[in-house]
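Asks: So the chains spell out like this:
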Amino acid sequence: EAQVTQNPRYLITVTGKKLTVTCSQNMNHEYMSWYRQDPGLGLRQIYYSMNVEVTDKGDVPEGYKVSRKEKRNFPLILESPSPNQTSLYFCASSQDGSSYNEQFFGPGTRLTVL
Amino acid sequence: RKEVEQDPGPFNVPEGATVAFNCTYSNSASQSFFWYRQDCRKEPKLLMSVYSSGNEDGRFTAQLNRASQYISLLIRDSKLSDSATYLCVVNTPLVFGKGTRLSVIA
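Quick mapping for you: the protein sequence lines, in order, are chains A and B.
Everything in the first sequence is counted per this note's numbering, starting at 4 for the first residue and increasing by one.
Everything in the second sequence is counted per this note's numbering, starting at 1074 for the first residue and increasing by one.
Mixed in with the good hints there might be a few duds.
List time: in silico EDC-like cross-link candidates among lysine to aspartate or glutamate, alpha-carbon distance up to 20 Å [to be verified]:
1. A:K60 <-> B:E1076
2. A:K72 <-> A:E33
3. A:K74 <-> A:E105
4. A:K74 <-> A:E56
5. B:K1115 <-> A:E105
6. A:K20 <-> A:E82
7. A:K60 <-> A:D41
8. B:K1152 <-> B:D1130
9. A:K68 <-> A:E33
10. B:K1118 <-> A:E105
11. B:K1118 <-> A:E33
12. B:K1118 <-> B:E1129
13. B:K1118 <-> B:D1130
14. A:K60 <-> A:E33
15. B:K1118 <-> A:D41
16. A:K72 <-> A:E56
17. A:K74 <-> A:D41
18. A:K72 <-> A:E82
19. B:K1118 <-> A:D59
20. B:K1152 <-> B:E1088
21. A:K21 <-> A:E65
22. B:K1115 <-> A:E82
23. A:K60 <-> A:E82
24. A:K72 <-> A:D59
25. B:K1118 <-> A:D99
26. A:K60 <-> A:D99
27. B:K1115 <-> A:D99
Read the hints as simulated data drawn from the structure, not as lab findings.
Predicted model only: the values in this text are computed from it and were never measured.
Taking the hints into account, I'd like the entire structure generated from these sequences.
Replies: Here it is, written out as structure tokens:
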């Protein structure tokens, strides 16, 4: 089944404790991205990647890191999480960076930073 | 500044009603347009792309007006299962609207 998977789905952590949210897609997509979704603010792009070893900042990259060592994986790293990073996070992929392609989203990771 | 604006709603409509959502975008160079559907606490999923000539998929009709920079979504004969948040999406660059919440009531 074609899908985007994220792990963990739910995470409660404390300020300053490094964490990684994994994202993997099995559709051989070139383009992958991370979003956060907050009430009243909608979906905001954190980072995106056009292909392996190519990553770029989105609208809200501060406090986050990403890497794209393999085509299928695009982990999101929070080196020192803070409470303002409490949010619902979605990973997404699409065939390539073309503007006409559908974005396929993972199921989401609900993160709480205490 | 790239923006996509939607009426947040909620739109509360009875079953069988026709409901329309509008969305405006600020970047006149945008090339492609979409409506996504997001159920509560779930991931967004593509509902339909929006073409210049307008397009229809069953009870759903999408229209694009490039001159006025707005996109619309019309839902006819609303079902309870249509209750969700509808996101307007514009590309390039990729920008999501904040969504319009629809509740269809029996």
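Asks: None of the hints should be skipped; say for each whether it holds.
Replies: Structure-based check of all given hints:
Under the criterion of a C-alpha separation no larger than 20 Å, the hint pairing K60 (chain A) with E1076 (chain B) is consistent with the structure, at around 18 Å. The hinted pair formed by K72 (chain A) and E33 (chain A) meets the criterion: a straight-line CA distance of about 12 Å does not exceed 20 Å. A distance of roughly 18 Å separates the Cα atoms of K74 (chain A) and E105 (chain A); the hinted pair therefore holds under the 20 Å criterion. Simply put, K74 (chain A) and E56 (chain A) have alpha-carbon atoms about 9 Å apart, close enough for the 20 Å limit, and the pair holds.
Of the supplied pair hints, the one linking K1115 (chain B) and E105 (chain A) holds, its CA atoms being roughly 17 Å apart against a limit of 20 Å. A hinted pair counts as satisfied when its Cα atoms are at most 20 Å apart, and K20 (chain A) with E82 (chain A) qualifies at roughly 7 Å. A C-alpha spacing of about 19 Å is found between K60 (chain A) and D41 (chain A), which places the hinted pair at or below 20 Å, so the restraint holds. At roughly 15 Å between alpha-carbon atoms, K1152 (chain B) and D1130 (chain B) fall within 20 Å of each other, so this suggested pair holds.
Note on K68 (chain A) and E33 (chain A): the hinted pairing holds, with a Cα-Cα distance of about 19 Å set against a maximum of 20 Å. Under the criterion of a C-alpha separation no larger than 20 Å, the hint pairing K1118 (chain B) with E105 (chain A) is consistent with the structure, at around 9 Å. For the suggested pair K1118 (chain B) and E33 (chain A), the alpha carbons sit about 19 Å apart, so the restraint of at most 20 Å is met. In summary, the hint linking K1118 (chain B) to E1129 (chain B) is supported, as the alpha carbons are separated by about 17 Å, within the 20 Å threshold.
Restraint check for K1118 (chain B) and D1130 (chain B): the C-alpha separation of about 15 Å stays at or below 20 Å, so the hint holds. Of the supplied pair hints, the one linking K60 (chain A) and E33 (chain A) holds, its CA atoms being roughly 16 Å apart against a limit of 20 Å. This hinted pair checks out: K1118 (chain B) and D41 (chain A) have alpha carbons roughly 18 Å apart, not beyond 20 Å. Among the hinted pairs, K72 (chain A) with E56 (chain A) is consistent with the structure: their alpha-carbon atoms are about 6 Å apart, no more than 20 Å.
With a CA separation close to 28 Å, the supplied pair K74 (chain A) and D41 (chain A) exceeds the 20 Å bound. A C-alpha spacing of about 18 Å is found between K72 (chain A) and E82 (chain A), which places the hinted pair at or below 20 Å, so the restraint holds. Proximity of K1118 (chain B) to D59 (chain A) is assessed by CA-CA distance (about 24 Å); at most 20 Å being required, the pair is judged violated. Distance hint between K1152 (chain B) and E1088 (chain B) is fulfilled; the C-alpha atoms sit about 5 Å from each other, no more than 20 Å.
For the hint pairing K21 (chain A) with E65 (chain A), the CA-to-CA distance comes to about 15 Å; that is within 20 Å, so the pair holds. Between K1115 (chain B) and E82 (chain A) the alpha-carbon distance is near 26 Å, which puts this suggested pair outside the 20 Å criterion. A threshold of 20 Å between alpha carbons decides the hint, and for K60 (chain A) with E82 (chain A) the separation of about 16 Å falls inside it, so the pair holds. Restraint check for K72 (chain A) and D59 (chain A): the C-alpha separation of about 14 Å stays at or below 20 Å, so the hint holds.
Using a Cα cut-off of 20 Å, the hinted pair K1118 (chain B) and D99 (chain A) holds, with the two alpha carbons roughly 17 Å apart. This hinted pair checks out: K60 (chain A) and D99 (chain A) have alpha carbons roughly 17 Å apart, not beyond 20 Å. Note on K1115 (chain B) and D99 (chain A): the hinted pairing is violated, with a Cα-Cα distance of about 24 Å set against a maximum of 20 Å.
Going down the numbered hints, you'll see the structure goes against 17, 19, 22, 27, while the others check out.
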